[in-house]
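Protein chains: 2
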Amino acid sequence: MARKRLGRQTVKLQHPPSIISTATTVGPKEGEGPLSHYFDVVLTDDLCGENSWELSESKMLRETIKSAIQKADKNIVEIEYLLSGDLLNQLMAASFAARDLDIPFLGLYGACSTMTESLSIGAMLIDGGYANYVAAATSSHFSSAERQFRFPLELGNQRSLTAQWTVTGAGAAILAANGSGPYISHVTTGKVIDLGIKDVNNMGAAMAPAAADTITAHFEDTGFKPEDYDLIVTGDLGAIGKEIAEEIVLDKGYNITKVFNDCGLLIFDNKTQDTHAGGSGCGCSASVFCSYIFKEMINKKLNKVLLISTGALLSSTSALQGQSIPSIAHAVTITNILKH
Amino acid sequence: MARKRLGRQTVKLQHPPSIISTATTVGPKEGEGPLSHYFDVVLTDDLCGENSWELSESKMLRETIKSAIQKADKNIVEIEYLLSGDLLNQLMAASFAARDLDIPFLGLYGACSTMTESLSIGAMLIDGGYANYVAAATSSHFSSAERQFRFPLELGNQRSLTAQWTVTGAGAAILAANGSGPYISHVTTGKVIDLGIKDVNNMGAAMAPAAADTITAHFEDTGFKPEDYDLIVTGDLGAIGKEIAEEIVLDKGYNITKVFNDCGLLIFDNKTQDTHAGGSGCGCSASVFCSYIFKEMINKKLNKVLLISTGALLSSTSALQGQSIPSIAHAVTITNILKH
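Note that the protein sequences, when read in sequence, are chains Z and X.
The opening position of the first sequence corresponds to residue 0 in numbering that gives the first Met the number 0, with each subsequent residue numbered one higher.
The opening position of the second sequence corresponds to residue 0 in numbering that gives the first Met the number 0, with each subsequent residue numbered one higher.
Excised from the complex, chain Z in its bound form (with noise of 0.2 Å):
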């Protein structure tokens, strides 16, 4: 077994890198949210002063790097890699991002779980002595989403009330080899899962068996428990999801309901909001980690996360194909206390 390995699915790092900076940008509807005070930048426009809502989504995402970067007291020639992706087509909003900021990139795909795929990587990237700053980063736009995925919006069309709503919301976190944490010290990669949901409008029932999946095999591998936790929060499950993976996660012999939250449901307040099932997008647990939950680390008032952004990984020709959704989640432990 390679030195650092925990199990199958878990590295655990031997320096954990810190996330020294995070920065958010969302748009109008997530502003007026309940999160709404823990966001950077609350766009009043979403296309963002350009003329394509693609566009609007990758200049959002480029300048909320450029803050994370400026917050960190760091100039981007001294950032290494930018790990970073999005839901568009051929990553539009992530590669258009990092045409302008002359940082090596690497272009990551995992629907709604780029947020932590991003945070592994670069973690894993950091620790392994190939970098001291690297840039994780990830968008999605509701329009930009919508009209890619489902129907053009001047349709109008009526959403199904398993549906979820895109989140409009960039985040990036500027991860080091040096800092006083929060500390990533754990990184446990999924494995793609698919139960046979064919529903492209109930993301959350698709998602949900692999987020359990990887929840259960953070624990298998590194031994924690729920209550070591402050908080597991997956990224994007909404209201359906997150009961069927609780579900599954207790069939598995954990009980987490105490500490068990979804960036979807913190993110909007369904009730009034009218977003149904919550929020989605790799936006989602992008901006909720990198405002509320970042910042709630650094009062202290959360010391040890567990962080599960989750991917549907359908696209609309394998719906259109009849094809099953295939999901993965990938999950990392974030902490203010280190023991050695």
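Treat the hints with care, since some could be wrong.
Because identical chains share one entry, a pair is satisfied inside a single copy or across any pair of copies.
Lysine-lysine pairs mimicking DSSO-like chemistry, simulated, CA-CA at most 27 Å apart [as the list claims (entries may be wrong)]:
hint	residue 1	residue 2
1	K3	K65
2	K3	K73
3	K11	K270
4	K251	K73
5	K294	K73
6	K70	K299
7	K338	K65
Derived from the structure by calculation, the hints contain no laboratory data.
We have chain Z already, so just place chain X on it with the hints.
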């Protein structure tokens, strides 16, 4: 500076991982080309027994990964990460392949640069101590790419002379912490470069500046010279892009002419196979590296190779919105001889 870094874009691996096996599958047309006898499997039907080209591509990728694992005399459970991606929206080929493989999966998108992106991250994960065995793999398929990026094949559109032919092919490599080579000794990660080319039928010209930038960065970071290499080979610049890249690199003070080639020119006989500027696609550098180049390295006919897979990060949406084509290239040094 992090302890394994050479300059801005390159890292030197302290315990260079070995490539212990490779496998390839290609389509009928690739099987009629000059590298025919180097491929493991040549399909007689590019649908591969499936109902769609996308599912065919995914099956080809999955079976190629399984074959590489088998050739390495390993079981699937011994492979700690699968690093893979492809050209299809939301990585349909790789996501669906990973679903059947039960290996922790990190999805990558670098367009046609994915082979070296996966080798790069895989090599760092092994050298960093996070894994003993990693699979790096990618694919492309002429028919799934044409209909996603260009026109329905049924239209029978005339192709521009600058256009390239997407390779139907998959390549997979198994990297290991211990082995007798060929070794991955250096990794140079590309930046996104865009000089303003908008012609989606001239990808070679769009990608050439990115390839030249990475090759030049590699020489500057490592101190290597063109004559240190037996072969410097780009992914899929084709005839036009290769010439441009060669010239830009020469302008920067490095004459690579004697050892420079391109996988897109190696895989087809452009005179008789009507492939215009040459082959392209993730599967181009993947299938050429995992067959011809790897076997020639095992036979010691090639001892030090710089492989630079090249990716055009456009989407059909970005093209329709009048955007130029951002491009990227990642390079890895693969060598039989390690200097200590």
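Hints, one by one, checked against the model:
When the C-alpha separation of K3 and K65 is checked against a cutoff of 27 Å, the pair qualifies only between copies, where the shortest distance is 26 Å, while the shortest distance within a copy is 32 Å. Proximity of K3 to K73 under the C-alpha cut-off of 27 Å is restricted to the inter-copy arrangement: shortest distance 21 Å between copies versus 29 Å within a copy. For a Cα distance limit of 27 Å, the shortest separation of K11 from K270 qualifies neither inside one copy, at 40 Å, nor across copies, at 54 Å. In this homomeric assembly, K251 and K73 never come within 27 Å of each other (Cα to Cα): the closest approach is 44 Å inside a single copy and 29 Å across copies.
Taking the shortest Cα distances, K294 and K73 sit within 27 Å of each other inside one copy (20 Å), while across copies they are farther apart (45 Å). For the homomeric pair K70 and K299, the shortest alpha-carbon distance inside one copy (20 Å) is at most 27 Å, but the shortest distance between copies (51 Å) is not. Taking the shortest Cα distances, K338 and K65 never come within 27 Å of each other, neither inside one copy (33 Å) nor across copies (40 Å).
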